[in-house]
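What follows is the residue order along each chain.
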Amino acid sequence: MSVIVNHLSKIYGTQKAVDSISFEAVPGKILGFLGPNGAGKSTTMKILTCFIPQSSGDASVCGFDVIKDSLSVRKNIGYLPESNPLYTDMYVKEYLNFIAGMHKMGKETKLRIEEMIDKTGLVREQHKKISQLSKGYRQRVGLAQAMLHNPKVLILDEPTTGLDPNQLVEIRALIKQLGKEKTVILSTHIMQEVEAVCDRIVIINKGILVANEDTKVLQSKKEGTLGFKVEFDKAVNQNQLKGIRGILQASNLQGNTWLLSTDSKSDARTEIFQFAVQNQLVLLSISKEEQSLETIFRQLTSN
Amino acid sequence: MYIILKKEIAVFLNSLIAYITIGVFLIVMGLFLWIFPDTNLLDYGYASLDSLFNIAPWVFMLLIPAITMRFFSEEKKAGTIELLATRPITDLQIIMGKYFAGVLLVLFALIPTIIYYITIYQLGSTVGNIDTGSVIGSYIGLLLLGSAFVAVGVFASSLSDNQIVSFVIAIFLCFFCYAGFESISSLQLFGKIDNFLVQLGINAHYLSISRGVLDTRDVVYFLSFISLFIVLTKTVLESRKW
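In order, the protein sequences belong to chains R and S. Numbers 1 to 303, taken from our numbering, label the letters of the first sequence in order. Numbers 1001 to 1242, taken from our numbering, label the letters of the second sequence in order.
Calculated directly from the structure, the hints in this document are not laboratory data. Errors might be hidden in some of the hints.
Selected chain S positions facing chain R (Cβ under 7 Å, derived; list incomplete) [said to hold, decoys possible]:
1) Lys-1007
2) Leu-1083
3) Arg-1087
Cut-off 25 Å, straight-line C-alpha distance, at most; resulting in silico cross-link-like pairs (DSS-like, lysine-lysine) [unchecked claim]:
4) R:Lys-16 to S:Lys-1241
5) R:Lys-104 to S:Lys-1006
6) S:Lys-1241 to R:Lys-75
7) R:Lys-288 to R:Lys-242
8) S:Lys-1006 to R:Lys-128
9) R:Lys-93 to S:Lys-1077
10) R:Lys-180 to R:Lys-119
11) R:Lys-182 to R:Lys-119
12) R:Lys-129 to S:Lys-1077
13) S:Lys-1077 to R:Lys-135
14) R:Lys-16 to R:Lys-75
15) R:Lys-182 to R:Lys-107
16) R:Lys-16 to R:Lys-93
17) R:Lys-206 to R:Lys-180
18) S:Lys-1006 to R:Lys-107
19) R:Lys-176 to R:Lys-75
20) R:Lys-68 to S:Lys-1241
21) S:Lys-1234 to R:Lys-75
22) R:Lys-128 to S:Lys-1077
23) R:Lys-152 to R:Lys-182
24) R:Lys-152 to R:Lys-128
25) R:Lys-229 to R:Lys-135
Glycine included, every Cβ here is placed at the ideal spot set by N, Cα and C.
Model the full structure from these sequences, guided by the hints.
Here it is, written out as structure tokens:
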């Protein structure tokens, strides 16, 4: 176990930002840390990185307590803060050198910097000033500094904000690759990202832990309905649609496009097609609606 | 600590901060010493650097806060303090790194003024007719005074994420510590404590060292003064943990 959080609480004044949460993160698995805005994700990450102390409970990283062995914890952690603060008047390499210096990396510094620049795709921008870089590239510099000293634990607070779709894919692949040997905790709002990258999911809402499961377990937990998005060429009556066998609900999305939901087991596409034929309708499109983690996330965090 | 010191010096040299501060200091000192009528050495007619050492504290009072104001204010504003604080270095190392960067800059500003000493040395009616011991003492005093002002400035910059606020607080504190205690004591309100108040101020100890006598009491005073403000800065930085 490289990150253990045990009944951790943080109180700001009278507000409980984090309320007695417990979870563990292990090497080789990427832990997705989810929650709506202000749920306490960043606060938890700040506690784990020894920036602020908890009010009660305890947390340890690689066996070191975040309060008692703060320096050892910080040695073993790579951290990308949420707002990705950088010294904008430094050059990319100068900045990475500075970070390496704080970790006392010594001789390997130069090689590691080259390697990180290469891995994060900064080769073309490496001689620029950070202030000249676009948001996506700054984010890469942030990632590079987090991984520079080859930490055992990576804590990434919304690592993919500001990246374009191509960069997104690259960086996710990079994180996934890192997650094979390291312990990675990443927070995000993007559900597709969680499904694509994370092996385990922790969801907190208003400081309270509401889910702590493997991604697959959580995905299979969803109960209820399966949806089909169907488009006809002509107007259809709602009651007619409800008459199709297996269809529990029909709701109009827009024009002649309907969302038909069934219980999760039966695939009603054959019935829908036959219905169209019988009523001399042309089926312009039919697609299965992914009722993904997003639904689960909303169920768990809305109240 | 060294890496922070290196970074701060690099920031000074890469931006215009160092050049402008040192340049302004030298220009102002040059003007007062050689050109402005009331303080100029040539009219004064004595081979001494007293006016340099009388004016320098006041110039430092304005310039040192200007170089120290960004130390923590900027880090707080940009959020980069989070980058530093989550690295395997202690808060004290961060503070000392920045503090010594400030002291080094003060030292860089002082070194060129040695040329004034050489000039006066040569201009004396018999060459070398200048109290060298007093000049050396004054330089040490001025460096200690500058170091004390840097400590005050570092503390002030930890108080706010707004550089202007830090700047103004630093100027006020420097002024108060330099001349404030003495001025209060001259009101003669507190009887016997008045003398103690004078001793609390920087000026009394600065003058004492300037005479060319390096008294341990004065050195201890400056070191304690600096330590006090470093500890205060550390306390303020750690207040995020309260």
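Here is what the structure says about each hint:
Annotation: Lys-1007 (chain S) was flagged as interfacial toward chain R, and the flag holds, the nearest CB pair being 5 Å apart, inside 7 Å. Annotation: Leu-1083 (chain S) was flagged as interfacial toward chain R, and the flag holds, the nearest CB pair being 6 Å apart, inside 7 Å. Contact between Arg-1087 (chain S) and chain R, as hinted, is supported at the beta carbon level, the nearest pair being about 4 Å apart and thus within 7 Å. Restraint check: the Cα-Cα separation between Lys-16 (chain R) and Lys-1241 (chain S) comes to about 16 Å, which is no more than 25 Å; the hinted pair holds.
A hinted pair counts as satisfied when its Cα atoms are at most 25 Å apart, and Lys-104 (chain R) with Lys-1006 (chain S) qualifies at roughly 14 Å. Between the alpha carbons of Lys-1241 (chain S) and Lys-75 (chain R) the distance comes to roughly 20 Å, so the proposed pair stays at or under 25 Å and holds. Taken as a hint, the Lys-288 (chain R) and Lys-242 (chain R) pair is honoured in the structure, with Cα atoms around 17 Å apart against an allowance of 25 Å. Proposed proximity of Lys-1006 (chain S) and Lys-128 (chain R) is supported: the alpha carbons are some 20 Å apart, at most 25 Å.
Proposed proximity of Lys-93 (chain R) and Lys-1077 (chain S) is supported: the alpha carbons are some 23 Å apart, at most 25 Å. At roughly 16 Å between alpha-carbon atoms, Lys-180 (chain R) and Lys-119 (chain R) fall within 25 Å of each other, so this suggested pair holds. Among the hinted pairs, Lys-182 (chain R) with Lys-119 (chain R) is consistent with the structure: their alpha-carbon atoms are about 16 Å apart, no more than 25 Å. At roughly 20 Å between alpha-carbon atoms, Lys-129 (chain R) and Lys-1077 (chain S) fall within 25 Å of each other, so this suggested pair holds.
Proximity of Lys-1077 (chain S) to Lys-135 (chain R) is assessed by CA-CA distance (about 18 Å); at most 25 Å being required, the pair is judged to hold. In summary, the hint linking Lys-16 (chain R) to Lys-75 (chain R) is not supported, as the alpha carbons are separated by about 29 Å, beyond the 25 Å threshold. In summary, the hint linking Lys-182 (chain R) to Lys-107 (chain R) is supported, as the alpha carbons are separated by about 23 Å, within the 25 Å threshold. The suggested pairing of Lys-16 (chain R) with Lys-93 (chain R) is violated, with an alpha-carbon distance near 40 Å, which exceeds 25 Å.
Distance check on the hinted pair: Lys-206 (chain R) and Lys-180 (chain R) sit about 31 Å apart at the alpha-carbon level, beyond 25 Å; violated. Proposed proximity of Lys-1006 (chain S) and Lys-107 (chain R) is supported: the alpha carbons are some 18 Å apart, at most 25 Å. Annotation: proposed proximity of Lys-176 (chain R) to Lys-75 (chain R) holds, straight-line Cα distance about 22 Å (limit 25 Å). Using a Cα cut-off of 25 Å, the hinted pair Lys-68 (chain R) and Lys-1241 (chain S) holds, with the two alpha carbons roughly 14 Å apart.
The hinted pair formed by Lys-1234 (chain S) and Lys-75 (chain R) meets the criterion: a straight-line CA distance of about 21 Å does not exceed 25 Å. Restraint check for Lys-128 (chain R) and Lys-1077 (chain S): the C-alpha separation of about 23 Å stays at or below 25 Å, so the hint holds. For the proposed pair Lys-152 (chain R) and Lys-182 (chain R), the alpha carbon gap of about 5 Å is at most 25 Å, so the pair holds. A threshold of 25 Å between alpha carbons decides the hint, and for Lys-152 (chain R) with Lys-128 (chain R) the separation of about 29 Å lies outside it, so the pair is violated.
Between Lys-229 (chain R) and Lys-135 (chain R), the direct Cα distance comes to roughly 36 Å. Violation of the 25 Å bound is thereby established for this hinted pair.
Checked against the numbered hints given earlier, this structure breaks hints 14, 16, 17, 24 and 25; the rest are met.
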